[in-house]
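All chains should be modelled from the sequences, with the hints used to inform the complete structure.
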Amino acid sequence: MDLIELHNITKTYLKGVQALTNINLKIEKEEFVFLVGPSGAGKSTCVKLILKEEEPTMGNIFINGQNITKLSKRKVPYHRRNIGVVFQDFRLLPNKTVYENVAFAMRVVGATPKEIRRQVPMVLGMVGLSDKADSYPYQLSGGEKQRVSIARAIVNNPSILIADEPTGNLDPETAWEIMKVLKQINRRGTTVIMATHARNIVDTMQQRVIALEKGRIIRDEQRGVYQYEG
Amino acid sequence: MDLIELHNITKTYLKGVQALTNINLKIEKEEFVFLVGPSGAGKSTCVKLILKEEEPTMGNIFINGQNITKLSKRKVPYHRRNIGVVFQDFRLLPNKTVYENVAFAMRVVGATPKEIRRQVPMVLGMVGLSDKADSYPYQLSGGEKQRVSIARAIVNNPSILIADEPTGNLDPETAWEIMKVLKQINRRGTTVIMATHARNIVDTMQQRVIALEKGRIIRDEQRGVYQYEG
Amino acid sequence: MKARTVRYVLGQGLVGLWRNRTMSMASIGTVTATLIILGLIITLVLNISNLADLVQMQFDEIQVYLEDDLSIEEINNVGKQIEAINGVSEVIYESKEEALEKYKKSWGEEGYLLEGLEKNTLPNSYIIQMDNLELADSIVEKLTPLKGIDEIKYYKEIVDQLLRIARFVRTIGLIIILILILVAIFIISNTIKLTLNARRQEIGIMKNVGATNWFIRWPFLLEGMLLGLIGAIISTAVVYYGYQYAFNAITARFYLMFSAYMISVNDMMNKTIYIFAVLGIGVGALGSIFSLRRYLKV
Amino acid sequence: MKARTVRYVLGQGLVGLWRNRTMSMASIGTVTATLIILGLIITLVLNISNLADLVQMQFDEIQVYLEDDLSIEEINNVGKQIEAINGVSEVIYESKEEALEKYKKSWGEEGYLLEGLEKNTLPNSYIIQMDNLELADSIVEKLTPLKGIDEIKYYKEIVDQLLRIARFVRTIGLIIILILILVAIFIISNTIKLTLNARRQEIGIMKNVGATNWFIRWPFLLEGMLLGLIGAIISTAVVYYGYQYAFNAITARFYLMFSAYMISVNDMMNKTIYIFAVLGIGVGALGSIFSLRRYLKV
Ligand SMILES: Nc1ncnc2c1ncn2[C@@H]1O[C@H](COP(=O)(O)OP(=O)(O)OP(=O)(O)O)[C@@H](O)[C@H]1O
Ligand SMILES: Nc1ncnc2c1ncn2[C@@H]1O[C@H](COP(=O)(O)OP(=O)(O)OP(=O)(O)O)[C@@H](O)[C@H]1O
Ligand SMILES: [Mg+2]
Ligand SMILES: [Mg+2]
Chain D
1 MDLIELHNIT KTYLKGVQAL TNINLKIEKE EFVFLVGPSG AGKSTCVKLI LKEEEPTMGN
61 IFINGQNITK LSKRKVPYHR RNIGVVFQDF RLLPNKTVYE NVAFAMRVVG ATPKEIRRQV
121 PMVLGMVGLS DKADSYPYQL SGGEKQRVSI ARAIVNNPSI LIADEPTGNL DPETAWEIMK
181 VLKQINRRGT TVIMATHARN IVDTMQQRVI ALEKGRIIRD EQRGVYQYEG
Chain H
1 MDLIELHNIT KTYLKGVQAL TNINLKIEKE EFVFLVGPSG AGKSTCVKLI LKEEEPTMGN
61 IFINGQNITK LSKRKVPYHR RNIGVVFQDF RLLPNKTVYE NVAFAMRVVG ATPKEIRRQV
121 PMVLGMVGLS DKADSYPYQL SGGEKQRVSI ARAIVNNPSI LIADEPTGNL DPETAWEIMK
181 VLKQINRRGT TVIMATHARN IVDTMQQRVI ALEKGRIIRD EQRGVYQYEG
Chain R
1 MKARTVRYVL GQGLVGLWRN RTMSMASIGT VTATLIILGL IITLVLNISN LADLVQMQFD
61 EIQVYLEDDL SIEEINNVGK QIEAINGVSE VIYESKEEAL EKYKKSWGEE GYLLEGLEKN
121 TLPNSYIIQM DNLELADSIV EKLTPLKGID EIKYYKEIVD QLLRIARFVR TIGLIIILIL
181 ILVAIFIISN TIKLTLNARR QEIGIMKNVG ATNWFIRWPF LLEGMLLGLI GAIISTAVVY
241 YGYQYAFNAI TARFYLMFSA YMISVNDMMN KTIYIFAVLG IGVGALGSIF SLRRYLKV
Chain U
1 MKARTVRYVL GQGLVGLWRN RTMSMASIGT VTATLIILGL IITLVLNISN LADLVQMQFD
61 EIQVYLEDDL SIEEINNVGK QIEAINGVSE VIYESKEEAL EKYKKSWGEE GYLLEGLEKN
121 TLPNSYIIQM DNLELADSIV EKLTPLKGID EIKYYKEIVD QLLRIARFVR TIGLIIILIL
181 ILVAIFIISN TIKLTLNARR QEIGIMKNVG ATNWFIRWPF LLEGMLLGLI GAIISTAVVY
241 YGYQYAFNAI TARFYLMFSA YMISVNDMMN KTIYIFAVLG IGVGALGSIF SLRRYLKV
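Chains as they are written, first to last, in my numbering: chain D, 1 to 230; chain H, 1 to 230; chain R, 1 to 298; chain U, 1 to 298.
Nothing false has been slipped in among the hints.
Here are the computed lysine-lysine pairs in the DSS-like style, where the Cα-Cα straight-line distance is at most 30 angstroms:
hint : chain 1 : residue 1 : chain 2 : residue 2
1    : H       : K114      : D       : K15
2    : U       : K153      : R       : K104
3    : D       : K70       : D       : K29
4    : H       : K96       : D       : K96
5    : U       : K80       : U       : K102
6    : H       : K70       : H       : K15
7    : H       : K48       : D       : K96
8    : H       : K29       : H       : K183
9    : D       : K214      : H       : K180
10   : R       : K102      : U       : K104
11   : D       : K214      : D       : K15
12   : H       : K15       : H       : K214
13   : U       : K104      : R       : K153
14   : H       : K96       : D       : K214
15   : R       : K96       : U       : K96
16   : U       : K102      : R       : K104
17   : U       : K104      : R       : K96
18   : R       : K153      : R       : K96
19   : D       : K15       : H       : K96
20   : U       : K105      : R       : K102
Bear in mind the hints are in silico, worked out from the structure with no lab data behind them. From a predicted model like this one, the values you see are computed outputs, not experimental measurements.
Shown next, in the form of structure tokens:
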């Protein structure tokens, strides 16, 4: 059984923008998938659909065999708890510190204070932000915010990790650190989907690459690269 | 006379974070400068100081021979009008459309409706967003927002253009389009300062590179590259 | 809910109150202002009502003038007949001499004019106290056929007028209070809407990381209730001391002339404190719920 | 400012009003509620004040009882002396017969008692009207030494009492109105603070692209003033129709008993409409300015 399946997905936004057209996609457990494509290709839209933040105009999405387009409202939060997400725009709580932002994701799922005290410093260490634990988001640089977002996404050991452009604001070195963290999490059994424009990273990692263009899948290969020509 | 001069600049944030330490820097008219360095090196802080969004803890900043650290509050807006800025976090007005966001920067400086009607569509065309003129920021993809921010920064033909990570959310192709636009503006006489992590771009463009690390300038070369080793 | 979660939610409610100090103060200020005005009107209505009751009690009797030539036996007889009527609670005999004395007294300074009367033309009379003012008409009806009665005097018009005024004041007061409660609910629900609006982003993020609706709702609900409660406490204090001050000022200024007609401070507060607490908390909670429903549906 | 900029700013003020509909409604609602309550209190104070003035006018005289055995000449003489006193505006002679008639009338139903008087013991008297109530004491002082006067009767206590009550009501009303105006300013400035808070990001961006402080301020200022104005218009309408309704209801219910003592709807509105407009706009502008100063300083 596939972990994630997009079946005939079409997404048309209110203004008539067709962000995704007839997408069919299967991702298995413990895969590591790059989602690439030019600006506006529909990568973030894919992420939003899987997270049930947007509803598809047509088609069905199955997560772990369950059709999430038919999910009742009360079950949506529990669906989301299986998925860690690094948002392109970070989405940090502006009036909580870095530590509290990460701890919040654990409180929501009912973790004990003991678990929180153990887990949060660990993930902050993984993304290299131990010394920024008490800073508020407005006191962080762009790359630091991005790493807080990553720490929050992985703190609950989700079965799926979706990262939307997680290295866009990072220098190559820090970016590679983050990639190591993602790879490590993947090795521990988490399925990772990463939307990115970082050609170096995609080409070096040698993982499955799904390329979108104007809302359609134009390429889907194991051990792919960012782009052939250009 | 230099267009921009940072003289013995030190910036310590409230929490004791020393973002910049004793920076001395001269940028001449019509230069094209890359500002590089790892996450948290102090690039955005430099930008904020030049824009007088933050005050330096020590030192003076001269723009066009004028000491802006001594500028009266009433003159700050006029100082800012000389500088177009692409912010790392875009900073679009959330309840104005793309067109209105760009037009707003012109209205502020008292442009005529005629000038606005001519100029705005032109710059939107330059960044490839003509068809998104009526969209609101929340309806845009990450890369699209970034390009709106670029359009707004260049619409008034500022004498200085500061771009903080203007390609962080763009695919390589679109990124190169944007670089062409920046180069073109530079050729027309605008001084361009660009903070970036895009190694490819820096290495290919062969322009002056100023490298920061932990708040200090560690390298400043004409025709430099992103990094030597690593 | 786990105890841990409850503690978290309580903490968040308080933290929210503190983090949005400006907004919290605005809300509390609004609740306080509304409740103080409510208190003012309650004070007025209760006092006027009370005054009307008191005045009404003094006119709450029927006077039966007896014919001039009745014997004592006949007079007693009439008295017994009156006592037998349904709804009559007390019957007092007033002789013509007593009546004159009463007039002299009630006319005060001008009473001396009556000294010069050559003959006491006032009649003997019975004064009838009723169980209930509403029975007045039926009692008068039963009195009419009795023999020995010259005239039945009932301050019908005055009593009716008074009843009407009291009812009118009560109705107007009730309407104003209702309007004010609606205004309060409106203002509070709007304030919480504003709070929510300012935190829309926050709510969105909470949902993103998998928070259930109630986990998001509770802190806001608590915040609203706390806002209302604090407003209620402040306004109770203000109304208490304000009324006490006014009570004392009026008593001192008018030499106790009014104080007998005013509701005592404690009676007043016994009535208002519950109204305020219930309204404050209830309105805060209601406001929160209305606003939350709008923003959590998305 | 260029005309273009003015037009832009005006447009933005209106757009802001519409874009933040919820907040605008909250603000307008608050202004309206506050002004309606203000109107209620103004209505009360003006009417009580008016009533006090009217009642006072009826007691606004000194009655001088003449000795019983004066000749007509002596009577006239006293009259002339009285007229000469400083502050006396009119002197009316009332014979003992006229006085009795007056008593009979004023006692109404009980007037018949006076039919039986064997002798009219009432004195002849002069009724003195004054220019100004404050002169009463000095006039009384000058009357005392005059010959032929038996007793000077001045309703000093009643008038004093009334003056005191009227002054008291006015003071209390004034205090309440002042408190309400402060409450209104507080609420509005808080509402605009909330609006600004919600748009803090927007203001930051405006500054980033080089907008001058006044370019940023004006639309908000205008928005605040518009909010106040709309609130003033709504509350004027409510108070107008509300007062008209109450006026008619009271007039109809009490058979014109009160209407003579109530300020007419138009007089009432002439006084309030300006107060409302000035308060609404002024308070809106003030609120905006207070809040803007806080957020544009950064
Ligand atoms: N809420 C919305 N309403 C209307 N159009 C939208 C909305 N959100 C996204 N779009 C449009 O849908 C298209 C796909 O957007 P999406 O965010 O999925 O792109 P993306 O692949 O993530 O691009 P980027 O790399 O620039 O982030 C874009 O053209 C965008 O303008
Ligand atoms: N308002 C603030 N208060 C406290 N510390 C701050 C504040 N703003 C920035 N900093 C700190 O100053 C340092 C430099 O930040 P800056 O934003 O200049 O970095 P940057 O070079 O732009 O990094 P990036 O490439 O990640 O955007 C960082 O360590 C950051 O945490
Ligand atoms: Mg995207
Ligand atoms: Mg930066």
